[in-house]
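Residue-level listing of the chains:
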Amino acid sequence: MDTHWDGVRLHVVTGKGGTGKTTVAAALALALASGGRKVLLVEVEGRQGIAQVFDLPPLPYEERRIAVAPSGGDVYALAIDPEDAMLEYLEMFYGMRRAGRALTKMGVVDFATTVAPGFRDVLVTGKTTEAVRRRGKDGRRVYDAVVLDAPPTGRITRFLNVTQEVAGLAKVGPIKNHSDLVSGVVKSPETAVHFVTLLEEMPVQETIDGVAELRAAGLPAGGVFVNMVRESLLPPRVLDMAVKGRFDVGELALGLKSAGLADSADASTLAEALVDEVVEHARRTAIERSERESLDAVDLPRYELPLLADGVDLAGLYELAESMRTQGAA
Amino acid sequence: MKKPEPLDVDAILDDPGTRIIVCCGAGGVGKTTTAAALGLRAAERGRRAVVLTVDPARRLAQSMGLTELDNTPRLIVRHDDGGELFAMMLDMKRTFDEIIEAHADPERARQILSNPFYQSLSSSFAGTQEYMAMEKLGQLRRSDEWDLIVVDTPPSRSALDFLDAPERLGRFLDGRFIRLLTAPAKAGGRSAFRLLNAGFGLMAGALTKLLGAQVIKDLQTFVSALDAVFGGFRQRAELTYKLLQAPGTAFLVVAAPERDAMREASYFVERLAEERMPLAGLVVNRVHLTPASALSAARSAAAAEELESRGEHELTAAVLRLHAGRMQLAARQSREQEHFVTAHPTVPVVQVRAMSDDVHDLAGLRQIGELLASA
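Line order of the protein sequences matches chains A and B.
The first sequence begins at 4 in the working numbering and counts up by one.
The second sequence begins at 11 in the working numbering and counts up by one.
Careful, some of the hints might be misleading.
[Said to hold, decoys possible] Some chain B residues well away from chain A (every beta-carbon gap over 12 Å; in silico):
id, residue
1, Met98
2, Asp115
3, Arg244
4, Leu253
5, Ala302
6, Val351
7, Thr352
[Claimed, not checked] Only some residues are given here: those of chain A computed to face chain B with a beta carbon under 7 Å:
id, residue
8, Lys19
9, Gly21
10, Glu204
11, Leu236
12, Leu237
13, Leu255
14, Ala262
15, Leu264
16, Thr272
17, Glu280
18, Val281
19, Glu283
20, Arg287
21, Gly314
22, Asp316
23, Leu317
If you're looking for bench data, these hints aren't it; they were derived computationally from the structure.
Ideal placement from N, C-alpha and C gives every residue a C-beta, glycine not left out.
Just chain A, with the same shape it has in the complex:
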């Protein structure tokens, strides 16, 4: 099936706090895996967000299967711990298991992963891109796609722009080579950076700023996922009247009486109370319309995901994944 992101192997998902970034990343992994594919979902901030959305015990630093996608397909998950990633890196590239342990004891690992932030990001993105590039014995890629639940919008460009970040620290040497390798993946057409937003002023503004920053750094912007979209139940004409304070309360009261919800005395009180809701809804709809217009400016494919009335549970994730697939996101 053709999607907007055929050929993309690394899906980076970012967004302002509170927009549902982890939920969207999880649903995207399910959507990408459906139909018999194998997808790795990665988290990097030590929050155990993946375990929470899939209702699992905390994930170790190990790739393990956590969900089966619709019509076959597997989602694996990995919670990257920068310290473990550093030890693994030392062992993998230098065969230095013992030295790694010595480094941990000396506090070097702690130092490198917490104090020198560029290094920390290189380790984490390094592990992620290694999973993207990894090939099996048959020479084929092990994962059809990797979805990265990345740091929030405010930090995303710095996080991905590793070469820039370590340039001041390491001009030559293995860290530099390693970061060049990472950069080769994240700046290629195999990567897409998706933004999660709500139809509210602050998240939309952050998205617009984030996309601009990303583009300025030469990193590939992907799609915009508008999360928690409420359907509008009232026709625009009625909403317009409500905003102008000219909603027909009398007509509503008649309807309430007719529905047997109130007698004549109570009907107008109930109608007044409901009108407050209508006015609030109308205002919110107007804001959403103008936020959609603002988002037009970033000129990226846009996907709208419904607000889940019962909150995010496993069934909700599958519902979001299905919605992504019908919209061509996966």
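With chain A held as given, fit chain B onto it using these hints.
This is chain B only, laid out in the frame that chain A set:
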């Protein structure tokens, strides 16, 4: 929902013994807005208040008349009865630079400020923002120019990072690695690795391989230059930590009625208790309340269906559908809060209803202040 004790915000604001209010919680729950609204309300009730915000949205900053990072409190409102509101945005790098300049001689300060490690540490270390926020808080408190400081916490990966920052810095400073790097510098600037035993030689080899020789050299310069400054750092970090535990401090945990945010709030409350930090209560923002709550979701939906099937009162049916959705959302939000209240029955709570638009000006902040005080 079990009824929690109402949080009396005005009592906290009016108590002259309250000197610091810390708003903490998950990202995206409205911490900065809450902090600004509290500061404004305190000023209007006669306090001389300063709001220290760490990473505000531009519009919110504009609503208080702040246009740029300048690291100094600016007067926002002055009242006839003596109340004043100041506000400032934290400039993390500037704050760090100032500490270096204040604690090192000019030559050493210059060395540190131009070192690539310092530049990286001061502008992007995940813990620097938290640490500098605490440092600035300590500075403002020590200046004693304000009788109330309201601070929001950085949007960190873990909402608790600011509590851990001083300890992390301490651990970093006490690390053997740092001591090894600094020791030779004190002994006359000889190579860090020459003096040391074979075990360290192995490590040094690994390090050089991993980082490259230039990095090691920069690192050494950086660490030895910072060494003199760091002692004072840690001492003040500990003072600030103690300040947070003092009775004049009130922690307000801010949340939204969503699962993640409430879970984070629970975690926060437990952690504050562990650290013996004084918790004042929980603020739940974005709560959907409706004046028509007597009409249940089920009855509303059934009536809408009835009208639709009769083909009558189309408008009323749509409004009833809308109401049913609102009631459903309200029920879910109430469930999310219930978990918290059950687990922490003694924590006072105030709910702030959801607004249709973002706050753009002082009038908006004032309105939120009123809602905060209406529990």
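Each hint tested on the structure:
At the 12 Å boundary, the C-beta of B/Met98 stays outside the reach of chain A, the nearest C-beta of that chain being 19 Å off. With a least beta-carbon separation of about 24 Å from chain A, B/Asp115 lies farther than 12 Å from that chain, consistent with its non-interface assignment. The non-interface label for B/Arg244 is consistent with chain A: the shortest C-beta to C-beta separation is roughly 14 Å, beyond 12 Å. In this structure B/Leu253 is separated from chain A by more than 12 Å, as the shortest Cβ-Cβ distance comes to about 24 Å.
A beta-carbon of chain A is positioned within 12 Å of the beta-carbon of B/Ala302; the least distance is around 4 Å. Distance check for B/Val351 against chain A: the nearest CB is about 17 Å away, which clears 12 Å, and the non-interface claim stands. Against the 12 Å criterion, B/Thr352 stays outside the reach of chain A, whose nearest CB is about 17 Å from its own CB. For A/Lys19, the suggested interface contact is upheld, since its CB lies about 6 Å from the closest CB of chain B, less than 7 Å.
At its closest, the beta carbon of A/Gly21 sits 2 Å from a beta carbon of chain B; the interface hint therefore holds under the 7 Å criterion. With a least beta-carbon distance of about 4 Å to chain B, the hint placing A/Glu204 at the interface is held under the 7 Å criterion. A distance limit of 7 Å between C-beta atoms decides the matter here; for A/Leu236 the minimum to chain B is near 5 Å, and the interface restraint holds. The interface hint given for A/Leu237 holds, since its Cβ lies 5 Å from the closest Cβ of chain B, which is under the 7 Å cut-off.
For A/Leu255, the interface hint holds, since its Cβ comes within 7 Å of a Cβ in chain B; the closest pair sits about 6 Å apart. A cut of 7 Å between beta carbons decides the hint on A/Ala262: the least distance to chain B is about 4 Å, and the hint holds. Proximity of A/Leu264 to chain B holds as hinted, the smallest CB-CB distance being about 5 Å (cut-off 7 Å). Nearest Cβ of chain B to the Cβ of A/Thr272: about 9 Å, over the 7 Å cut. The hint is violated.
For A/Glu280, the interface hint holds, since its Cβ comes within 7 Å of a Cβ in chain B; the closest pair sits about 6 Å apart. This hint holds: A/Val281 has a C-beta 6 Å from the nearest C-beta of chain B, less than the 7 Å allowed. At its closest, the beta carbon of A/Glu283 sits 5 Å from a beta carbon of chain B; the interface hint therefore holds under the 7 Å criterion. Proximity of A/Arg287 to chain B holds as hinted, the smallest CB-CB distance being about 5 Å (cut-off 7 Å).
This hint holds: A/Gly314 has a C-beta 6 Å from the nearest C-beta of chain B, less than the 7 Å allowed. A least Cβ separation of about 9 Å between A/Asp316 and chain B goes past the 7 Å threshold, and the interface hint is therefore violated. The criterion of a C-beta within 7 Å of any C-beta in chain B is not met by A/Leu317, whose closest approach is roughly 13 Å, and the hint is violated.
In this structure, the hints that do not hold are numbers 5, 16, 22, 23, in rising order.
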